Amino acid sequence: MSTIDHTTNGTTGADDAPEGIEQFTLRLRRYDPESGEAAYYEEFEIELEPHRSVLDGILQAKAQEDGSIGIRCSCRAAICGSCGTRINGQPGLACHTHLSEAMARSKDGKITVEPMGNMPVIKDLIVDMDAVHWKKQARVTPWLLPSEPLPEREHIVPRESMVDVTQSMACIQCGACVSDCLSMEIDPLFVGPAALAKTYRFVGDPRDSRHAERLSNLAEDPHGIYACTHCFKCVEACPKGVAPMNQIMRLRRIASQDHHIVDRNNGERHEMAIVNSVKRYGTLNEAKMVPDSYGGPLHPAAAKELLSSLPVITTALLRRKVTPKSALFHHKLPDQDQIKRIYREVGEREGRLEFNLYVEQPDEDDTAPTSHAERAGADEGSASPTPSKGLTEAETAQKDA
Amino acid sequence: MKVAYWPGCVSRGFTPELHGSVAAVAPKLGIELVELNRASCCGAGVIAEHSQELADSLNARTFALAQQEIEKGADFMMNICSTCQGAQTECQERLDASAAYRDEVNKHLTPEGLQYAKGLVNKNFLWVLVEELGLDELRSMVTRPLTDLKVGPFYGCYIVRPTDRLDISAENPRDRYLEQVIEALGGTVVDYAGAQKCCGFPISLMQKETSFKMAGRHLGDAKDQGADCLVTPCPLCHLNLDMQQPVVSRTVGRDLQMPVLHLPQLVGLALGMAPKELGLGKHVVKPTSVIDWSTSVVGAVGSLSAA
Numbered sequence: 001m002s003t004i005d006h007t008t009n010g011t012t013g014a015d016d017a018p019e020g021i022e023q024f025t026l027r028l029r030r031y032d033p034e035s036g037e038a039a040y041y042e043e044f045e046i047e048l049e050p051h052r053s054v055l056d057g058i059l060q061a062k063a064q065e066d067g068s069i070g071i072r073c074s075c076r077a078a079i080c081g082s083c084g085t086r087i088n089g090q091p092g093l094a095c096h097t098h099l100s101e102a103m104a105r106s107k108d109g110k111i112t113v114e115p116m117g118n119m120p121v122i123k124d125l126i127v128d129m130d131a132v133h134w135k136k137q138a139r140v141t142p143w144l145l146p147s148e149p150l151p152e153r154e155h156i157v158p159r160e161s162m163v164d165v166t167q168s169m170a171c172i173q174c175g176a177c178v179s180d181c182l183s184m185e186i187d188p189l190f191v192g193p194a195a196l197a198k199t200y201r202f203v204g205d206p207r208d209s210r211h212a213e214r215l216s217n218l219a220e221d222p223h224g225i226y227a228c229t230h231c232f233k234c235v236e237a238c239p240k241g242v243a244p245m246n247q248i249m250r251l252r253r254i255a256s257q258d259h260h261i262v263d264r265n266n267g268e269r270h271e272m273a274i275v276n277s278v279k280r281y282g283t284l285n286e287a288k289m290v291p292d293s294y295g296g297p298l299h300p301a302a303a304k305e306l307l308s309s310l311p312v313i314t315t316a317l318l319r320r321k322v323t324p325k326s327a328l329f330h331h332k333l334p335d336q337d338q339i340k341r342i343y344r345e346v347g348e349r350e351g352r353l354e355f356n357l358y359v360e361q362p363d364e365d366d367t368a369p370t371s372h373a374e375r376a377g378a379d380e381g382s383a384s385p386t387p388s389k390g391l392t393e394a395e396t397a398q399k400d401a
Numbered sequence: 001m002k003v004a005y006w007p008g009c010v011s012r013g014f015t016p017e018l019h020g021s022v023a024a025v026a027p028k029l030g031i032e033l034v035e036l037n038r039a040s041c042c043g044a045g046v047i048a049e050h051s052q053e054l055a056d057s058l059n060a061r062t063f064a065l066a067q068q069e070i071e072k073g074a075d076f077m078m079n080i081c082s083t084c085q086g087a088q089t090e091c092q093e094r095l096d097a098s099a100a101y102r103d104e105v106n107k108h109l110t111p112e113g114l115q116y117a118k119g120l121v122n123k124n125f126l127w128v129l130v131e132e133l134g135l136d137e138l139r140s141m142v143t144r145p146l147t148d149l150k151v152g153p154f155y156g157c158y159i160v161r162p163t164d165r166l167d168i169s170a171e172n173p174r175d176r177y178l179e180q181v182i183e184a185l186g187g188t189v190v191d192y193a194g195a196q197k198c199c200g201f202p203i204s205l206m207q208k209e210t211s212f213k214m215a216g217r218h219l220g221d222a223k224d225q226g227a228d229c230l231v232t233p234c235p236l237c238h239l240n241l242d243m244q245q246p247v248v249s250r251t252v253g254r255d256l257q258m259p260v261l262h263l264p265q266l267v268g269l270a271l272g273m274a275p276k277e278l279g280l281g282k283h284v285v286k287p288t289s290v291i292d293w294s295t296s297v298v299g300a301v302g303s304l305s306a307a
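Going line by line, the protein sequences match chains A and B. If you read the first sequence in the working numbering, its first letter stands for residue 1, the second for the next number, and so on. If you read the second sequence in the working numbering, its first letter stands for residue 1, the second for the next number, and so on.
One or more hints might be untrue.
As the list claims (entries may be wrong) - The calculated BS3-like cross-link candidates involving lysine-lysine, where the alpha carbons are at most 25 Å apart (straight line), are: (1) A/Lys304 <-> B/Lys28; (2) A/Lys325 <-> A/Lys288; (3) A/Lys340 <-> B/Lys286; (4) A/Lys288 <-> B/Lys213; (5) A/Lys107 <-> B/Lys28; (6) B/Lys213 <-> A/Lys304; (7) A/Lys332 <-> B/Lys107; (8) B/Lys276 <-> A/Lys325; (9) B/Lys28 <-> B/Lys208; (10) B/Lys107 <-> A/Lys279; (11) A/Lys288 <-> A/Lys340; (12) A/Lys279 <-> A/Lys332; (13) A/Lys325 <-> B/Lys286; (14) A/Lys325 <-> A/Lys279; (15) B/Lys276 <-> A/Lys288.
Hints in this document: simulated from the structure, not taken from any laboratory. Nothing here was measured: the structure is a model prediction, and the numbers come from that model.
Please build the complete structure, drawing on both the sequences and the hints.
Okay, here's the thing in structure tokens:
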């Protein structure tokens with residue numbers, strides 16, 4: 001490969017190139033398991049307009065320099081989900097990432113493209129989606145299981161309930177979220193973000209008749225909904241705004257609140273330990289988290305866990321991180337009755353008040369004033385007089401089971 | 001500068017040295033703290049998972065209390081926990097997006113005359129150091145530079161993702177601030193794989209082995225890259241990385257011995273404060289045994305001298 005003098009942020013002036021065309025360096029990870037050789041990086045110089053995609057760049061290198069570059073692609077328009085890759089370490093679609101955008105994120109003036117993570121590489125940028133992604137999809141029964149007998153004509157459902165599942169329906173199965181899932185990195189058996197988002201597509205669908213079974217199955221699975229570590233990697237990775245982690249949180253909410261599934265992974269108990277601690281004290285009483293999450297202080301599992309935590313507890317006491325007093329007598333907030341009242345009011349509401357920015361449009365009033373007073377002032381003038389439609393009904397339809 | 005200060009739960013619970021070190025360091029940085037001691041837990045994402053309206057209402061109440069202090073002269077709200085930053089910003093994003101939704105949530109606050117008005121500025125201590133105090137100002141305050149101390153940054157998930165919600169951009173490279181602060185304090189940044197990965201704490205009571213393997217991998221990666229210590233703006237990460245480190249070491253079968261400092265402790269050391277004053281003796285992995293504090297803070301003494 002020829003070297004280039006990177007004078008302006010890695011791109012040359014390219015005086016001899018047609019107007020608007022710039023030169024970019026692609027640094028591709030090459031690997032062919034059948035060759036018996038280790039993976040290596042190879043650089044290719046490409047010339048394109050900066051608004052063209054990284055995929056266009058790879059295809060130019062493939063057409064002009066090395067036909068053996070392995071890349072999977074089809075629609076080139078962020079619809080088919082074939083060209084999931086890691087660009088400068090970030091997962092995404094190669095066809096949906098401008099060269100200029102990739103350059104802006106580059107640390108060394110080159111655009112590094114690697115295959116997605118958490119899946120075995122077949123060749124170069126092509127990963128084995130069957131081995132991981134599709135297998136996990138199949139794990140969650142990804143089709144509708146309607147109640148029998150089927151209606152003679154169509155199912156009639158509330159409009160809001162279908163609007164609610166559009167977010168999980170937007171998934172194009174590209175695998176970007178699977179690529180960077182931090183739970184899966186450590187626990188390869190984790191069902192993972194894409195398959196769990198797909199689960200919500202059916203748990204959120206009023207036509208499906210197996211919500212309880214789907215949820216109980218994934219709540220009891222040690223690699224199911226309670227194995228998500230809430231790291232936001234999938235939210236950041238998804239090119240279509242599916243926010244798989246948010247869908248996992250909704251599965252947990254519906255499992256524990258609507259179906260009262262008390263799972264063997266402590267998921268429901270841990271949720272309630274935190275919710276009840278704040279209700280009682282206003283803050284987290286950490287000393288109670290372990291016993292409460294394991295079934296209460298008198299539960300054998302809690303005793304076992306506390307016993308195994310003894311060395312940690314002892315060190316914490318010795319270092320005066322924790323004192324017996326602070327552990328046993330948790331401070332209550334001065335205005336705790338206010339907190340309790342909010343809990344009561346929210347609990348008394350029929351259905352759920354939810355606001356999902358994927359479905360709802362934000363107010364159109366933003367010119368980002370700087371001070372608090374200005375913002376408050378600006379706000380008054382623009383407040384919409386009527387609550388937006390669908391706000392309170394968003395999930396009422398789901399509290400059917 | 002004067003801030004409406006939200007310390008969070010863990011900094012007053014199992015990591016009391018965090019709250020203590022902020023209280024000790026703030027006056028030296030010229031930050032006056034007005035503590036929001038009537039505010040409640042941010043919910044750490046779990047209350048939002050249980051009920052979005054509940055989490056948004058509790059945090060709207062905290063924001064309204066902060067705005068009362070702002071009206072009385074505080075400049076903005078400051079938190080000292082990555083998880084608080086992320087969980088509160090998530091609620092604020094919804095509250096700020098829709099007047100109708102905000103009105104509905106504010107109904108829970110009216111009996112006490114509280115009201116959240118759109119547009120609160122709520123910044124983690126890390127953001128305050130870079131955006132409000134400024135790195136040059138911070139650099140000028142250093143009296144005991146962290147010479148030869150090799151520090152691995154550990155952000156925690158909630159303060160770096162999602163980037164658009166947290167306003168991370170080329171203008172605000174908030175995902176590089178820890179590195180910038182370490183360098184401003186005279187230390188050396190250690191580049192390792194785990195800096196922006198998950199410590200595993202959120203699943204430590206559900207999937208303990210996965211959780212501790214996560215912590216173990218990052219601590220081990222940092223050690224392999226020659227770090228003397230890690231620094232984190234998140235007390236929940238600190239629980240998994242420091243308090244649980246002996247168990248984490250057993251889980252991954254490796255003697256890790258990696259001290260983990262809270263961000264204000266690292267700042268305090270560079271400003272010449274004594275390790276004890278910053279609560280460094282309260283850590284499970286005592287940084288005092290592996291770092292020489294005498295004139296400048298030099299890493300790799302004692303057990304790590306070969307590194």
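Evaluation of the provided hints:
no., hint, verdict
1, A/Lys304 <-> B/Lys28, "46 Å, violated"
2, A/Lys325 <-> A/Lys288, "13 Å, holds"
3, A/Lys340 <-> B/Lys286, "40 Å, violated"
4, A/Lys288 <-> B/Lys213, "24 Å, holds"
5, A/Lys107 <-> B/Lys28, "35 Å, violated"
6, B/Lys213 <-> A/Lys304, "21 Å, holds"
7, A/Lys332 <-> B/Lys107, "24 Å, holds"
8, B/Lys276 <-> A/Lys325, "22 Å, holds"
9, B/Lys28 <-> B/Lys208, "40 Å, violated"
10, B/Lys107 <-> A/Lys279, "19 Å, holds"
11, A/Lys288 <-> A/Lys340, "19 Å, holds"
12, A/Lys279 <-> A/Lys332, "10 Å, holds"
13, A/Lys325 <-> B/Lys286, "23 Å, holds"
14, A/Lys325 <-> A/Lys279, "21 Å, holds"
15, B/Lys276 <-> A/Lys288, "29 Å, violated"
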